[in-house]
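Novice: Generate the whole structure from the sequences, applying the supplied hints.
Here is how the chains run, residue by residue.
Protein chains: 4
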Amino acid sequence: MRPVAGVGMVGYAFMGRTHSQAWRNVDAFFDLPLRPAMVALAGRNPEATEQAAAKLGWAHAETDWKRLLDRDDVQIVDICTPGDSHAEIAVAALAAGKHVICEKPLANTVAEAEEMAAAARAAAGRGVRAMVAFNYRRVPAVALARRFVAEGKLGQIRHVRAQYLQDWIVDPDFPLVWRLQKDKAGSGALGDIGAHIIDTAQYVTGERLTGVSAMTETFVKERPLAAASSGLSAGSGTGTGPVTVDDAALFTARLTGGGLASFEATRFATGRKNALRIEINGSLGSLAFDFESMNELWFHDHTLDDAEAGFRRVLVTEPGHPYAGAWWPPGHGLGYEHAFTHEVKDFIEAIAAGTDPAPSFDDGLQVQRVLAAVEQSAADDSRFTPVEVS
Amino acid sequence: MRPVAGVGMVGYAFMGRTHSQAWRNVDAFFDLPLRPAMVALAGRNPEATEQAAAKLGWAHAETDWKRLLDRDDVQIVDICTPGDSHAEIAVAALAAGKHVICEKPLANTVAEAEEMAAAARAAAGRGVRAMVAFNYRRVPAVALARRFVAEGKLGQIRHVRAQYLQDWIVDPDFPLVWRLQKDKAGSGALGDIGAHIIDTAQYVTGERLTGVSAMTETFVKERPLAAASSGLSAGSGTGTGPVTVDDAALFTARLTGGGLASFEATRFATGRKNALRIEINGSLGSLAFDFESMNELWFHDHTLDDAEAGFRRVLVTEPGHPYAGAWWPPGHGLGYEHAFTHEVKDFIEAIAAGTDPAPSFDDGLQVQRVLAAVEQSAADDSRFTPVEVS
Amino acid sequence: MRPVAGVGMVGYAFMGRTHSQAWRNVDAFFDLPLRPAMVALAGRNPEATEQAAAKLGWAHAETDWKRLLDRDDVQIVDICTPGDSHAEIAVAALAAGKHVICEKPLANTVAEAEEMAAAARAAAGRGVRAMVAFNYRRVPAVALARRFVAEGKLGQIRHVRAQYLQDWIVDPDFPLVWRLQKDKAGSGALGDIGAHIIDTAQYVTGERLTGVSAMTETFVKERPLAAASSGLSAGSGTGTGPVTVDDAALFTARLTGGGLASFEATRFATGRKNALRIEINGSLGSLAFDFESMNELWFHDHTLDDAEAGFRRVLVTEPGHPYAGAWWPPGHGLGYEHAFTHEVKDFIEAIAAGTDPAPSFDDGLQVQRVLAAVEQSAADDSRFTPVEVS
Amino acid sequence: MRPVAGVGMVGYAFMGRTHSQAWRNVDAFFDLPLRPAMVALAGRNPEATEQAAAKLGWAHAETDWKRLLDRDDVQIVDICTPGDSHAEIAVAALAAGKHVICEKPLANTVAEAEEMAAAARAAAGRGVRAMVAFNYRRVPAVALARRFVAEGKLGQIRHVRAQYLQDWIVDPDFPLVWRLQKDKAGSGALGDIGAHIIDTAQYVTGERLTGVSAMTETFVKERPLAAASSGLSAGSGTGTGPVTVDDAALFTARLTGGGLASFEATRFATGRKNALRIEINGSLGSLAFDFESMNELWFHDHTLDDAEAGFRRVLVTEPGHPYAGAWWPPGHGLGYEHAFTHEVKDFIEAIAAGTDPAPSFDDGLQVQRVLAAVEQSAADDSRFTPVEVS
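Protein chains in written order, with the UniProt record's numbering: chain U, 1 to 390; chain P, 1 to 390; chain W, 1 to 390; chain Z, 1 to 390.
Copies of the same chain look alike in the list, so a pair counts if it works inside one copy or between any two.
Straight-line Cα separation of at most 35 Å, DSBU-like style, residue types lysine-lysine; simulated pairs: (1) Lys55 to Lys66; (2) Lys221 to Lys182; (3) Lys153 to Lys182; (4) Lys221 to Lys153.
These are calculated hints, taken from the structure and not from any lab test.
Note that the coordinates shown come from a computational prediction; the quantities given were computed from them, not determined experimentally.
Specialist: Structure, rendered in structure tokens:
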């Protein structure tokens, strides 16, 4: 019999639902060294938390996340709350000896992220693990992209162009949900979806951004107040309030390997729903990916004869592809949620193996530093702003 | 508290895994009138069945499917075995008062399918429900295609071109698994994947095939014996044996509404992994779908001004799309397995509502008749062979 | 100084315009052994022919095509008339010692095509050349497809699926132009566009169709009379008349190499404008092409590792691609008309070299036999109808 | 009889060939008020110029461009030389009363461009016209994009992302052709292809860039000397020399309407051959275009119901589309060169009508100012650099 890894999760909104789906199913598809148990869900509203726990498959409901730290049957704390509470929960959980997986962005400020990274480093010395949940790394096509780069298929990286395009707040009557409030969300498109493309670009290339030149904008400066606090939707409230985060952020960057990169995160790309796109050009080949077609990776092998070269659509559903073999036969694609399943699978394996999972809190801190540099550059006439590379 | 609907499943190979995934998750995403319980899994090999039950989340394991019929905690029997056992299990289960969901094709012969359909009709009189599991109907894009046709967006249907293209047996050394043996599988590509495009074409158009002209072929006539019986893969055995089913089947057809259709099912379309494709042209518009891009439906509205008309890629992930709203925000695509979750959701709702679920066993029988007509035409110089339309 | 090859062309409608464009430009892009001269254009209406000659760049206008045969400054006769006049003109021109390039389909009946092919064979003995103008062979992507097959990149051909989809007569008020009249056009979609996909399939695979099973349909049986005779458009007339050709033709076929093929030619594929599509699956690889994206050839190399294989988009604009190097730098695509330029380039080179150009009138005859077999099978309950393979 | 417009062209390399093709064919497809005559081609090398004139269809060859200004049979001077000679030729030609069409970028410096724009303004007062040849404006899909924006289909423009991606100098052994030398070319990817996307973005949106933040890079700093001076290719020479222009330029920008834009011009995007791409997001809809699929414009109409909205592929070959009706039936696409034909057609019509053609030299000057601002910002830590908007 395998040992059990009890999980306590904080938050049950969008991210709570995806993480629950991961914990509920990971054991049916992967052969894990520990058996995950969905022990307890923590939330502030007792009734809503009870209902969510029942719906999502958690055995218990807690109304204070600190209670999770007291439970002996919880070994893992999974943080799915808005960014303003990440640091407090994560630091306390690690101190309590719980392994921590924390949603991205790691924090709302560099200071918080530094505190969390320091806590994670200290915890690692005691065998306690911490991971930041950049789920897109675990999309099979993205993991394959990383493998291709690591194998040298692209040669020297010259260009990265990364975009994360959504359109859910194009309507000026869309309400002022917490994701549009700086005190809760830290930033807007930048931290929410820009953080993903920063991590994806650094992960796939294996390089770091050395500095950025940025521009941000808030197109709709005032919005109707939301009736209830929610990240993505809300009933109707009364009156309006100021949008205190960016609607869109554009920045260019330089990479440690000498390449140039461009980034764009926006919630105003009408018709683009969840277009996390990245294209990478190297001296030997290129890659392109768009999450709206998440089971495809486009690869150009420049070493082939020109007469037969071209971008090829690799359907990333083969047994030889990352994660894919655990699921269905070739051509039977995966969905958004599967990356979360892969995430907790890798996290459990790292815990059992006593190794540091990736992305680490240090990786999360590095992304946080880029986010801060973007804001600084945007406030300083787009001047190139270096990022400390750790 | 909602009443419980206990499920007993027979078979735990490819389809058993997809159905388990559906039963395990449906309640977390949909608000169901009955709470599904994964009561028991039946299989012949005790040890393997035990392991599968544990892995897939079934509470009990049985080594005889008839035991499921005796259990009071089982109200639903889910048949995931090869086609040669469907009739026996389904008829017995319905007689025992169990609701039945049965994998496709409904049976290996028209005679078996007729017996099953008669049993289903009789059972319906007693409030016992039967459904054949043509999962692709529940892919949101396919369900949306049906909706568009039903709303009249296509006008009169002129053309259907349907293909189901795979390539998993292109290698002549691929072994003689049960799906390549007529006594187990009934037919080859025709019944396995051809059945899907027949059902999909009839479902989306709301019409029936009135006759077919067909051609079939077995490209590789002898294959290595498989070490162990499996549908999709096998270890190495010794010696070779004859392939007794079709590798590919092509047929043209006429539709009840006067349109023309073409169908192709093959396991030799190198590079196509699971390309269930359908394109429909009507007097007012057209639709195109390819399962390899399963979250997209392409729609051409011919009533628009020519200068701005064109096939549009509808990303079928909006709240207003079939099933999609239960999952994730727009642009966060679903995968292969979700159609099965939708299937059991609709089945449970039909049971609770006391209505007949679709596709019914009569629908399955109709597909079986088309399959038989295809084989008859192929054996008779491709002569046009009428299909009885019920 | 190069010798001059004087050209006399018959007909100045759609095909007359494309051929004029070819003759006008071929010398500016290719280094030809003969200098083509646009000597004379023949048409029945004196005024219209004069105007067309001036517009299209022909030095003289003739009102009787037979006058072209008398001219010493004409060495090449280019036939761009409807199919009912091909045989008479071609046979006379060859007898007069003129090289002949004739639009497709070669004729309206097998008997006419046989007469023409015999005349071409006889003429070849006298150094007089004949070519049938299947222009799509000279699209660079199609020529590259042929090269890939000839090089063995596809292995044994298992499947061909060819479609030629248009939608210009979906509107039942579209008038009864000559292309919808059997006495002028021979057949409808079948001979007009079906002939193209038959030739393309045979050319690219290097195989022949050995027999067909077919189905045809005329969806709109009566149409408004056209005010003036034209193939593609017309002013308004009075009254209606019967459509005497097929609107759509579907057929399956067997290939000399043992593969299966399907063909569809229709003018009722709403939203598809000129979608000549062909997909070929072989034991080692696959190809796909759609003329609506005419500068792309999709190639799947099945000998690659599964983890990096996929259909690749070869942009057929490289110097190493057929014809492409004569035009613009890579990525600067060609258009519809360029295939005609390539056609006359190859024709001129064959004339100068004293070799038989391809496709020959025998090739045109073979296509004609397939067209006849399709009509025969369609009239005989879709029964498989062998095609004589020469 | 229409009056004749005699044309004298300077230069016969890549652009000379495209312009010749335009002059040779424009009259066969469009009904022009003036009949263009290809009078004389000017080049420095007598023999090569003679040969080019014969090949391309020019009646005479001149070895000094100034001779064109003396010819009474020349009314139009077409400048197809590298940027360093544009100002001298254009100013002189306008002074001589010749209408001038000049390749882009208008000049190598803002000062030259200002001189030219002033000359053009002065000439206009005398009925003499000047046009800068941003050919991509006349691709039907780009012209249609402009029409859609002008009709209000996009609403308020929020985002532009424009890229021009090529890969022809990825190989470090590619020689030091004139396009890689600052004294001849002015700049590298920036002026050569960056100029195109600046013009395209401004043209399609109808807005202007108000300032930029830029980053440029030269990846390969030393290259083999070219044997002979050419822009795109060269034989082998001896030794190496420094690349004095940018290989890639990235910049972000703000638009007069409040939107944000990003631009990237590079010759190091491996596998991208001539990918001029632009995507525009507005409050009511979006557009996307990629020149590698030049006959397609993608349009998203955000005012449709979400359930049926999506990016639609408008095949820009309909009679109702800009320029398309003059050519072939729907679905029969155009190629790269056709935009040049449209360009001279519009130029001739403007001359005959006595109106100023677009893009004017002032438009070319505006692009030049953006190019200068990009270089200035890149040299100043990417600091936002305003552009004077005229």
